[in-house]
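Generate the whole structure from the sequences, applying the supplied hints.
The sequence shown lines up with residues 1 to 328 when you count with full-length UniProt numbering.
Each hint can be trusted.
Here are the computed lysine-lysine pairs in the BS3-like style, where the Cα-Cα straight-line distance is at most 30 Å:
no., residue 1, residue 2
1, K101, K31
2, K218, K134
3, K31, K182
4, K101, K218
5, K218, K182
6, K218, K76
7, K182, K101
8, K134, K76
9, K76, K101
10, K218, K31
11, K182, K134
Pairwise CB distance ranges, derived in the manner of DEER restraints:
no., residue 1, residue 2, range
12, L68, R26, 38 to 44 Å
13, G219, V196, 30 to 36 Å
14, I191, S170, 17 to 23 Å
15, I192, R27, 25 to 31 Å
16, S220, Q104, 21 to 27 Å
In case anyone wonders, no lab produced these hints; they're calculated from the structure. This structure is a prediction, so every number in the text was calculated from the model and none was measured. Yeah, the Cβ is synthetic: ideal placement off N, Cα and C, and Gly gets one too.
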Amino acid sequence: MVRRSVRGASNGMIPLLLLHAGNEYRRLERKPPVTAALLAANTLIYLRPAFLNHIIPPIDDVWFNAYLILNNYDLKRFFLSAFYHLSESHLFYNMLSLLWKGIQLESSMGSTEFASMIAVLLGLSQGITLLLAKSLLFFNYERAYYYEYAAGFSGVLFAMKVVLNSQSGSHSNIYGVPVPAKYAAWAELIIIQLLVPGVSFMGHLGGILAGLVYVHLKGSYRGPSPLTTTVKGFTAMLGWPLRSLMRFWRPRPRGISGRGRTGGSGPGVSERGVWRCRACTFDNSGWLSECEACGTRCSDDGLPSFESSSSDIALDEIRQRRIQRFDR
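Okay, structure coming up:
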């Protein structure tokens, strides 16, 4: 998250971002769709193409401001402010971070669970930031976090970093300094606050705390989260018409001659007037008196009759019968 400032001029970083993202996705065998959708959404909102002007509200209507959110019950500011960025550099570095973290997390947990995690982290990070700003107001803290304007996806990114580091017991490299993975987000919070002017300390802190809450809840509850189950059900509902059409247009399997098929279990005449040869398991029409594949005759009870007294016919004999049958 970045505090309110004048939006910077274009400096050509968006084409570089798109080129980098395209190269990353090109080399991946499985393309993470949710990460790609988040990248596209953040970039489109920043670019504000003319055909989306009537859909995308201006940034002045969606700044994250604790006072306006609580006083006006403005949920638009609460949720949408995370997807707005103030400059190309702000968007560029946030989206690079999203690309790196999103590919790893979505590939490891699956797209549905990843999407539900992003939704939870968004709500938690914004909610915790709101509570922190309101709490500091009670202590008459000298910096007016309660009235501060901010925007950006970095709160969610800090939460994603905590989740990603919780899956690794190794060290993480923060600006060339090796740091234990569980402390990496805290180290990055301090370094960014010292080196980058104008960032929202409260938004980043809220993201870290949101990640810790998510990891704790995930560890204490082993089953799928209710939100994940809801997302899966919604996805299945949307995909049902497509699956139905695919089943309708799917070609039916055909047998050797187009009137039967091999394989299956029980012999005899079925309800559809088809009898199965015991010798070669080929399904024949009930109008035929002998197997179309191997020539074995069918008895009156629907079972094939064998000229040999043995219950099985040698494979070589079946092959010879088939050759003779189709050479007629």
